[in-house]
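Protein chains: 2
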Amino acid sequence: MHVAEQVLAYLRENKERLLGQLKQFLAIPSISTDSSHKEDVEKAAQFIISYIKEIGFSDVELIETKGHPVVYAEYMEAGEDAPTVLFYGHYDVQPVDPLDEWLSDPFRAVIRDGRIYARGASDDKGQVFMHLAVFEAFMKTKKKLPLNVKLLIEGEEEIGSANLYELLQKERAKFRADFVVISDSGMVANDQPTILYGLKGFTGLEITVKGPNRDLHSGLYGGAVRNPIMALVHILASIKNEDEVITVDGFYDDVAPLTDKERELLNRIAGEDYEKTVGVPETVSEKGYNAKEHTMARPTFEINGIYGGYQGEGTKTIIPSSATAKITCRLVPHQDPVHIQQILVDHIKRVAPKGVTVDVKLEELSARAYMVEPDHPLIQTAAACYEKAFGKETVFVRMGGSIPVVEWLDQIYRIPIILLGFGTPEDNLHAPNESFPLNSFDKGMETLVYYWLKVENK
Amino acid sequence: MHVAEQVLAYLRENKERLLGQLKQFLAIPSISTDSSHKEDVEKAAQFIISYIKEIGFSDVELIETKGHPVVYAEYMEAGEDAPTVLFYGHYDVQPVDPLDEWLSDPFRAVIRDGRIYARGASDDKGQVFMHLAVFEAFMKTKKKLPLNVKLLIEGEEEIGSANLYELLQKERAKFRADFVVISDSGMVANDQPTILYGLKGFTGLEITVKGPNRDLHSGLYGGAVRNPIMALVHILASIKNEDEVITVDGFYDDVAPLTDKERELLNRIAGEDYEKTVGVPETVSEKGYNAKEHTMARPTFEINGIYGGYQGEGTKTIIPSSATAKITCRLVPHQDPVHIQQILVDHIKRVAPKGVTVDVKLEELSARAYMVEPDHPLIQTAAACYEKAFGKETVFVRMGGSIPVVEWLDQIYRIPIILLGFGTPEDNLHAPNESFPLNSFDKGMETLVYYWLKVENK
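Protein sequence lines correspond, in order, to chains F and G.
Everything in the first sequence is counted per the working numbering, starting at 443 for the first residue and increasing by one.
Everything in the second sequence is counted per the working numbering, starting at 443 for the first residue and increasing by one.
For the record, the hints were derived by calculation from the structure and aren't laboratory data.
Since this is a predicted model, take the numbers as computed values, not measurements.
Any given hint might turn out to be false.
Chain F is faced by these chain G residues, among others (derived, beta-carbon under 10 Å) [what the hints assert, rightly or not]:
| id | residue |
| --- | --- |
| 1 | Asp539 |
| 2 | Gly628 |
| 3 | Pro795 |
Quick reminder that beta carbons are idealized off the backbone N, C-alpha and C, glycines included.
Could you build all of it, start to finish, from the sequences and the hints given here?
Next up, the structure:
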């Protein structure tokens with residue numbers, strides 16, 4: 443373990459400088475969904491390029507797409523016999539609204555109570571930076587990496603990896619590796635080593651109900667004209683009931699029943715204290731399943747946004763001309779996202795009340811759920827390294843999040859995908875006051891150092 | 443009818459100049475609900491003051507309130523034996539959003555196809571101005587008005603006449619008259635003389651559902667945390683069904699059943715062609731009632747606005763922290779607005795799903811419905827004058843709109859309130875492209891000339 447000690451010592455000695463560089467990375471508002479931030483997204487890509495060139499990656503590319511660019515780099519000097527890992531991450535971030543709920547500027551990282559606060563601190567800039575810092579440490583102390591590395595860091599993960607699939611298809615040979623490592627997920631609790639062996643799939647749509655050709659006086663037209671908001675309400679209420687059961691014909695048809703064994707496995711994990719983490723006194727989950735089972739292993743239907751009519755100060759007595767709801771579903775293995783969209787559309791058209799027209803816009807990007815065998819040696823090795831760094835036994839979980847690239851990599855390469863995430867439930871992903879624990883930063887890097895050395899020696 | 447001819451000739455000769463003055467009045471963006479327009483609201487009040495001083499009203503006052511001021515003026519020179527009319531109108535207007543749907547600037551009146559287009563053209567600046575122009579014509583041709591006149595023109599009608607009730611209570615003696623005339627309503631069809639004998643009451647509330655203390659990642663929390671938008675949807679769906687029946691216990695308890703006789707009377711009126719006027723192919727009304735019956739004589743429940751979560755471009759996969767709906771009800775005679783609010787609150791609290799908190803904010807201003815006997819001589823006289831000007835028999839209707847001041851004047855003075863409106867169903871009240879037909883302007887003024895002379899001679 444001499445090498446590991448050297449590399450870890452380097453990381454300890456350079457910690458302040460590395461945190462300073464991470465703060466620079468976090469300062470770039472690379473919000474991929476907002477076209478006014480297009481230049482910032484590219485700036486974040488350029489930040490990575492100059493950093494990895496400095497580390498010693500010689501083969502570095504900015505691959506243009508129809509949207510935001512992909513950063514790609516190779517280090518193949520570990521030799522033909524050494525394994526090759528494809529590391530995937532993303533440098534784009536979620537929007538920051540509502541801005542007034544942030545305690546500090548989302549793009550000016552600050553450290554409070556052992557956490558670094560900024561948009562992207564956990565998802566995914568902070569975790570991408572950990573990997574790059576570990577590669578730096580190997581290069582600076584040993585002049586080489588323990589294995590061949592391909593870096594694929596994209597700028598469109600938060601908008602569904604809009605152009606990545608096409609690139610992966612086109613460059614199959616280029617990105618080919620023996621296994622994939624991704625750190626874009628979290629641990630079930632602070633300091634609790636966690637390996638994800640399943641991710642949910644994803645699909646979405648937007649429903650717009652159109653009524654009169656303009657907003658109408660509610661006194662003169664109330665009683666004659668269908669209110670588009672109320673029509674939308676009736677449509678939405680018909681999709682999921684108060685028991686959190688999705689009441690659309692066929693929605694659960696392809697869902698494999700949760701076995702007693704898996705149920706027991708999932709329930710072994712310490713649950714999140716939702717009152718503490720998100721301020722809800724009571725969890726609510728699908729009838730017959732608890733919160734752990736539903737978030738990890740059952741599909742969901744969520745209204746992400748709704749709008750229609752008057753939203754200003756005071757009262758405006760109108761029947762509005764339209765109303766819209768934005769919807770996404772998280773899917774489990776065997777559910778087909780396109781089929782799910784179709785049965786939702788069929789249902790919506792069937793229940794749409796008369797007197798209004800209903801338009802459904804399908805989200806183009808979707809992903810199937812992903813699952814891997816937790817017994818795979820590369821996963822078991824990761825679990826052991828994780829345990830060594832954190833001093834605690836690794837748990838294996840499925841999670842409700844979706845990473846489309848996981849499904850695509852699985853589909854194209856059929857190689858193991860190791861989901862090694864160091865976030866925590868308190869990270870406020872996609873929300874105001876996103877943060878990442880410095881403890882995860884340190885122990886996460888330690889885990890990676892052990893892992894690359896173990897993989898090298900296999 | 444010599445006098446009438448003289449006065450009408452004056453109105454014809456001065457038509458262009460009068461329209462020019464109306465355009466100046468319409469150019470003032472007196473949006474009472476928007477505090478950034480406070481000065482404009484006062485400017486509209488000052489416009490009236492200088493105009494009525496110029497006409498010859500000597501006793502003119504700007505009465506300050508806690509909100510926007512009231513314009514008050516008296517002309518008592520017709521003598522003690524002459525009847526006194528209280529004319530009520532309002533100089534404030536509705537907001538103009540969505541602005542991009544206006545074909546011309548809402549505050550730059552233009553005439554197209556025989557209509558004058560501007561915010562307030564019909565509701566109520568245009569109709570207030572008609573009355574003032576008729577008083578001008580009498581003053582300029584006869585040096586006097588045919589009866590005593592009290593003008594009460596407020597600036598808060600579009601925000602529920604927030605401070606008027608207190609003023610009416612305080613100045614009971616000052617505003618006392620023999621009857622009231624209001625032109626803040628419409629005819630059932632263009633050129634169809636219409637007298638309103640019933641108005642709906644009004645009440646409102648705002649429901650906010652609060653869930654997690656911030657927006658959450660829908661993958662990590664979907665299945666554990668109640669979505670506040672979906673909770674709001676279930677609450678709203680439980681209040682009114684797809685048959686447009688309000689399913690809240692006790693909501694219809696005080697509603698007098700519609701008699702066969704009134705039903706027949708209401709159905710005699712030519713119906714509005716809703717496809718033509720507002721672009722809906724099909725009317726939708728309470729089960730058991732047609733659109734005419736529901737709009738005129740049955741209570742309504744309308745969602746005026748809804749919002750929650752992400753409304754921007756693209757997708758944001760969140761469970762939002764809250765969702766809000768703005769609601770107003772139109773009530774019929776015998777329904778008590780405060781009691782209706784209470785039973786709505788009781789219902790909402792009862793059906794609120796677990797896992798969220800529900801706050802209900804009550805709209806402070808409300809009004810009971812109003813009805814008057816259509817046989818009253820002052821109403822029959824108005825109907826005859828209306829018919830003489832328009833050449834068509836007057837119809838008597840109830841309408842779905844609410845004018846709180848009508849209820850208050852009825853409650854305080856118990857005098858006849860003559861609702862003489864000249865708007866049309868095509869006026870786009872409270873909506874983009876509000877307009878008023880020039881034909882109503884001419885024949886409406888003619889009706890008023892006949893009416894004041896008939897009332898003088900009674």
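Now the hints, each set against the structure:
no. : hint   : verdict
1   : Asp539 : holds (8 Å)
2   : Gly628 : holds (8 Å)
3   : Pro795 : holds (5 Å)
Every hint, counting from the list given before, is met by this structure.
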